Every structure is written in structure tokens, then in C-alpha cells.
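Make the full structure from the sequences, and use the hints.
Chains S and H, in that order, give the protein sequences.
According to the numbering used here, the first sequence is numbered sequentially starting from 4.
According to the numbering used here, the second sequence is numbered sequentially starting from 53.
Just so you know, the hints here were simulated from the structure itself, not pulled from any lab data.
A hint or two may mislead.
Claimed, not checked - Derived DEER-like restraints, expressed as beta-carbon distance ranges:
id	chain 1	residue 1	chain 2	residue 2	range
1	S	Val281	H	Asp73	56 to 66 Å
2	H	Met53	S	Glu198	58 to 68 Å
3	S	Glu64	H	Lys97	28 to 38 Å
4	S	Glu257	H	Glu59	57 to 67 Å
5	S	Pro284	H	Pro323	41 to 51 Å
6	S	Ala12	H	Glu316	55 to 65 Å
7	S	Arg112	H	Cys322	53 to 63 Å
8	S	Glu64	H	Asp73	18 to 28 Å
9	H	Phe335	S	Pro284	54 to 64 Å
It should be emphasised that the depicted structure is a prediction, and the values quoted were computed from it without experimental measurement.
Idealized CB from N, CA, C, for every residue including glycine.
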Amino acid sequence: MSEPFDREAFDVRALEWRYVITDMICRAGSGHLGGALSLVEIVMTLFYRSMKVDPTNAKWEERDRLVLSKGHAAPVLYAALAYKGFFPKSWLPTMNADGTKLPSHADARTVPGIDMTTGSLGQGLSAACGIALAARMNKKSYRTFCIIGDGESNEGQNWEAAMFAGHWKLDNLTAICDYNKLQIDGSTYDIMNLEPIMDKWRAFGWAVFEMDGHNWDAIYDTLQRAAAVKGKPTMIIAHTIKSKGHTLTENKPESHNIKVPDQATYQKNMGAIAGGPVKLPY
Amino acid sequence: MDLHDMEMRAVYGRTLNELMDENPNVLCLEADLSKASGTNPEVAKKHPANFVNVGVAEANMIGVGAGLATEGKIPFCASFSCFASRRVYDQITISVAYANNNVKIVGTAPGITAGPNGGTHMCFQDLAIMRAMPNMHVYSPCDVYELRAMMRHMAAHKQPTYMQLIRSKVGRVFDEGVKFDPAHAVRLREGKDVTLVSTGYMTQFMPKVAAELEKEGIGVDLLHYPSVKPFDAETLIASARKTGGVVTVENQSIIGGLGGAVCEVLSEYCPVHVKRLGVPDKFGEVATEQYLFDKHGFGPKQIAAACRDLARVKKEKSR
Chain S
4 MSEPFDREAF DVRALEWRYV ITDMICRAGS GHLGGALSLV EIVMTLFYRS MKVDPTNAKW
64 EERDRLVLSK GHAAPVLYAA LAYKGFFPKS WLPTMNADGT KLPSHADART VPGIDMTTGS
124 LGQGLSAACG IALAARMNKK SYRTFCIIGD GESNEGQNWE AAMFAGHWKL DNLTAICDYN
184 KLQIDGSTYD IMNLEPIMDK WRAFGWAVFE MDGHNWDAIY DTLQRAAAVK GKPTMIIAHT
244 IKSKGHTLTE NKPESHNIKV PDQATYQKNM GAIAGGPVKL PY
Chain H
53 MDLHDMEMRA VYGRTLNELM DENPNVLCLE ADLSKASGTN PEVAKKHPAN FVNVGVAEAN
113 MIGVGAGLAT EGKIPFCASF SCFASRRVYD QITISVAYAN NNVKIVGTAP GITAGPNGGT
173 HMCFQDLAIM RAMPNMHVYS PCDVYELRAM MRHMAAHKQP TYMQLIRSKV GRVFDEGVKF
233 DPAHAVRLRE GKDVTLVSTG YMTQFMPKVA AELEKEGIGV DLLHYPSVKP FDAETLIASA
293 RKTGGVVTVE NQSIIGGLGG AVCEVLSEYC PVHVKRLGVP DKFGEVATEQ YLFDKHGFGP
353 KQIAAACRDL ARVKKEKSR
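This is how it looks when you write it as C-alpha cells:
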């Protein structure tokens with residue numbers, strides 16, 4: 004359930020998550036750091052302020068659903084679920100280890116609290132449409148959230164789903180685009196320009212908002228405004244910074260997937276988190 | 053009314069309506085081919101709230117189906133077999149099979165039955181590629197009553213599944229009351245000289261072929277495989293041990309489908325001579341069934357000839 008907003012506590016927790024996420028990826032030897040760090044404030048606001056969830060009953064029927072379509076950002080979702088108590092924090096450092104329950108991409112089969120398995124880009128928004136449609140068919144009041152990437156938005160299936168949600172007027176669906184303006188090969192403006200991104204979604208029948216994806220108030224307020232929209236699905240374009248808070252890789256395309264071959268690189272990466280160090284919770 | 057007088061797709065629509073009457077979680081998903089699938093107007097009219105047309109967007113249909121399945125729905129998602137399998141192979145692999153979502157994918161107009169739509173629409177590899185996917189059941193019913201039994205099984209079992217659906221009328225193989233069990237092949241005739249294995253569309257032609265061969269003194273052990281995966285290896289191995297030779301027939305490429313499954317099993321457990329009939333490594337084309345049967349050599353005439361060949365070789369060997 005949502006907790007009262009305490010800015011200082013949220014800031015402290017955000018820093019901790021950045022440590023945890025970087026540590027998980029560094030321990031694994033490689034991983035998708037940039038796209039996980041760009042989502043810290045958004046995912047925390049969803050789990051601590053906006054979404055109805057029950058960590059003691061992960062499959063609670065009335066819970067709000069979240070599809071992390073950019074499944075490679077799973078580390079931020081794993082941090083959220085562990086901190087909320089869906090599973091012990093001691094699982095976190097096992098990411099990608101042999102036999103782990105926490106694979107590099109979000110997996111609903113092994114992780115309590117994940118609503119859809121993702122990893123092949125472009126598929127999550129379709130699944131979120133199905134989940135939102137099921138709510139309507141089953142007369143349930145839960146809300147479905149879906150986080151897509153900006154690079155991921157190159158995939159055509161997103162636009163099939165966009166057309167579908169607009170046509171079916173899925174106003175119980177809120178999508179968030181993590182618009183950090185970087186994809187693997189470079190800037191989204193250079194590789195495959197998404198602009199005018201707001202107009203695109205509007206043209207598909209969505210109500211479209213934009214926000215600073217690292218500002219607690221902006222995120223919460225925009226999610227509230229999106230929930231109030233009737234008759235249309237909502238898209239929130241979240242302006243974010245890839246690898247936010249990690250000075251070594253912040254706003255660099257290389258942050259998409261970092262390689263950590265040795266202890267020296269591990270130390271270098273852990274030491275690059277602005278505001279640190281903090282103690283890891285496991 | 054004898055359902056054998058109906059087109060397969062009409063029986064699909066009728067049966068889906070019955071399943072939707074019984075269970076509100078059963079859904080009909082279409083991608084602008086609902087008339088071709090036999091669900092429009094029948095299902096669209098009777099169950100408008102559970103009939104979802106996604107437009108010409110098969111990838112989204114599979115994804116929406118997967119999302120619905122996570123909420124306990126049982127979506128039957130239909131399109132031409134070329135679009136329902138190869139076009140959306142990754143969506144099915146990840147959002148359905150890997151994620152273990154209970155989606156039923158129905159590939160209509162399989163193989164050469166795509167007839168007038170020609171080479172772009174003739175999918176000869178759906179059994180092969182769907183069979184290669186972990187956690188996927190792959191079925192191909194041969195007639196209306198088996199189709200009904202199969203659909204009932206699909207609605208009742210939580211299992212990602214791909215099913216071929218012939219649209220046209222087909223010959224009678226079974227009567228009402230036939231049971232479907234994916235673990236078991238169906239023996240349509242006992243014989244000791246040659247094993248003849250078929251699935252789906254081709255099975256309707258087999259009993260007549262076998263009866264004619266019997267008159268010539270060639271006993272045919274006739275096996276129909278409604279499920280290509282799971283694959284009933286035991287029945288095949290026992291039959292091959294008895295006859296010493298196997299002919300496979302399918303409305304598909306001879307690479308990787310039913311014939312492929314048969315060869316995988318027999319080469320490991322009971323190596324015997326196998327002749328695979330179907331489409332060789334070729335694309336389709338606009339043509340009549342007879343033309344394609346003759347061109348690729350998998351019509352009743354060629355099937356009988358392949359069985360005779362095997363029986364003759366076996367006889368010569370035993371001399």
C-alpha cells in the first residue's frame with residue numbers, strides 16, 4: 004500500500020537502490036545499468052505511492068499490474084520487489100548466478116510480484132493491453148501500468164498495441180516511456196528519431212503527458228492526472244537520464260550494458276555513485 | 053445434422069460458441085480474418101463481449117492473448133497458419149511458450165489448403181517450427197469430430213498450444229464421441245507389412261489407400277497422429293518393430309514436421325527404412341490440390357506406391 008511521502012526517506016532509498024542495482028550488475032559481471040538507473044524514481048513512486056500491491060499476497064486479484072516491457076531493466080524491479088518484501092533482499096546478489104530466480108530480464112515464472120515475463124522488446128505493451136482488457140471483462144477496478152523504453156519504441160508491435168488501446172479506449176491502462184534519449188547504438192535522435200513523440204501517441208488516441216522522470220512530485224502528480232483520464236489510455240513521456248546518478252556512465256550510451264570483468268572495475272563502478280557510499284542491505 | 057456435412061471452420065465456430073457458453077473465460081481473438089476462421093458472424097454475434105478483433109496485427113493478437121491469459125482467460129487466437137506461426141514466432145516463443153501463458157493459437161488453411169492464395173500464404177513449416185519450441189503442444193485434427201474433442205481438451209487444459217485448422221469440408225474419419233488424448237496416436241487399421249503415419253489433412257485419404265493395399269496383400273498399420281507434440285513414440289516404435297518400414301504423409305514440408313518427428317524417434321530407438329511424403333524443400337504456388345499432389349508426390353496414388361515399394365524391399369530382403 005502507499006506510504007506517506009517523506010522526501011528525505013525517498014532520497015535515501017533511491018540512493019540505496021542505485022547501490023543495489025549497480026552491485027547486482029557488477030557481481031553478475033555485466034548488465035543493463037543505464038536503463039535500470041533511469042527508472043529508479045519512477046518505479047519507486049509506482050510501488051510506494053501509486054500502485055495497490057500486497058507483498059504478502061503477490062497474486063492478489065485487486066492489485067494494480069505492472070508490465071516492465073523493457074525487461075532488461077529488471078534490476079530496478081527486483082530492487083523494488085525486494086524492498087517491498089515480495090522476496091528476501093538476500094536474493095538480490097544472486098542475479099544471473101547459476102540457478103538464480105532473478106535472471107537478467109524480468110521473469111514472472113520465478114519472481115513473486117512480476118506480472119508478465121518480458122525481454123524481447125516490443126511485446127509488453129500488447130500484454131498490458133490484454134491485462135487491461137481482462138479487467139474490463141472481469142469488472143475489476145485494478146489499473147495496468149506498462150513501462151516501455153525509447154529505443155524499444157522502434158519496434159512496430161508497440162504501435163499495433165497503441166492502435167489497439169486507443170480503439171478499445173483502455174482508460175485503465177497507463178504506459179510510461181522511459182525517454183532517456185539513448186539507445187544501444189547512440190542517441191535516439193540519430194539512430195531512429197521518435198519525435199514528435201507526444202503527437203504520435205495522441206494520434207493513436209491516447210491522452211499524453213510529459214514529466215521529469217527524476218522529480219518525485221512531478222512523477223506522482225502526473226500518475227494521478229493520468230489515472231483521472233476517462234475514455235482514453237494514457238501515455239506518460241518521462242524525461243530521464245540514462246544511468247542517472249552513476250558518474251562513470253551517466254548519459255552515455257555505453258551504460259546500456261556495462262562489463263565488469265574484475266575487482267578493480269567493480270570498485271570503480273561502485274565508487275561512481277553520486278552521494279555514496281552506502282551500506283548494502285545483504 | 054451430421055457435422056461431416058459442415059466445413060471445418062464452421063465446426064470450429066460452433067464449438068467455440070459452445071465452449072464460450074460453458075466457460076466465460078474462453079475468448080475468441082481474431083486478426084481481421086474472422087470470416088475465414090468461421091467465427092464471424094456466429095461467435096461475433098453470440099458472444100460480442102468476448103470476441104476481440106485486433107485488426108490486421110497478428111503480433112499484437114498474440115501479445116494481447118498472453119496478457120489475457122495471465123488473468124485467467126483462455127484466448128483462442130486464429131489467423132492463416134502462415135501468419136499465426138512464422139510471422140509471430142518470437143511473440144509466441146517469449147510471450148506465450150517461455151512465459152507459460154495459456155494461449156491457444158489456431159493456424160487456419162494449413163499447407164496446400166491455402167490453394168488460391170498461393171505461395172505467399174502456403175505455410176509448409178508450421179508443424180516443424182512450432183514443434184521445435186519448448187512448452188508448446190502442436191495438434192492437427194483430421195476431421196470435425198476430432199476437432200471438437202481437441203478444442204474441448206484445449207479449453208480444459210492449461211497449456212500453450214498451436215492447432216492447425218483446415219477451413220474446408222474434409223472426409224469422415226471419426227464419429228461423434230471420438231476422444232482426444234495428446235499422449236496417444238490413433239490406430240485406424242492393423243497391419244503387419246508397412247506402417248503408414250499421417251496427421252491432419254492427409255489422414256482422411258489414408259483408410260482408402262490402406263484398404264486397397266490390403267486387397268493386394270499388403271497389410272498396413274495405419275497410425276494417425278492428432279498431436280505431433282507431444283509425440284507418442286511408444287506406439288510408433290512398436291509398429292515399426294512389427295512392420296520394419298514406415299511411410300509418413302503430411303500436408304507440410306518433409307523437413308522437421310511429422311516425418312521429422314518419426315525419423316528422430318526411429319533413428320534412436322528402432323532404425324528402419326522411412327519414406328517421408330509431403331512437400332519437398334520448396335515454396336508453394338497457386339494450384340489445385342491434384343496438381344500439387346502430383347508435382348510433389350504425396351497424393352493417395354503416390355502414398356500407395358511408396359507403401360508398395362517398402363513392402364517389396366522388405367520381401368526381397370527376407371528372401
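Would you say the C-beta atoms of Val281/S and Asp73/H sit inside 56 to 66 Å of each other?
-> holds (59 Å)
When you take the CB atoms of Phe335/H and Pro284/S, is the distance between them in 54 to 64 Å?
-> holds (58 Å)
Take the C-beta atom of Pro284/S and the C-beta atom of Pro323/H, compute their distance, and say whether it sits inside 41 to 51 Å.
-> violated (59 Å)
Cβ-Cβ distance between Glu257/S and Glu59/H: within 57 to 67 Å?
-> For Glu257/S and Glu59/H the Cβ distance comes to about 58 Å; the hint holds.
Hint check for Glu198/S and Met53/H - Cβ pair distance inside 58 to 68 Å | Holds, since Met53/H and Glu198/S (Cβ atoms, about 59 Å apart) stay within the stated range.
State, for the Cβ atoms of Ala12/S and Glu316/H, whether the hinted interval 55 to 65 Å holds or is violated.
-> holds (59 Å)
So the hint says 53 to 63 Å: do the beta-carbon atoms of Arg112/S and Cys322/H match that?
-> violated (36 Å)
Glu64/S paired with Lys97/H, Cβ distance criterion 28 to 38 Å | holds (31 Å)
Beta-carbon spacing of Glu64/S to Asp73/H - inside the hinted bounds 18 to 28 Å or not | Since Glu64/S and Asp73/H have Cβ atoms about 24 Å apart, the given range 18 to 28 Å holds.
The structure does not agree with the numbered hints 5, 7 stated previously, though it agrees with the rest.
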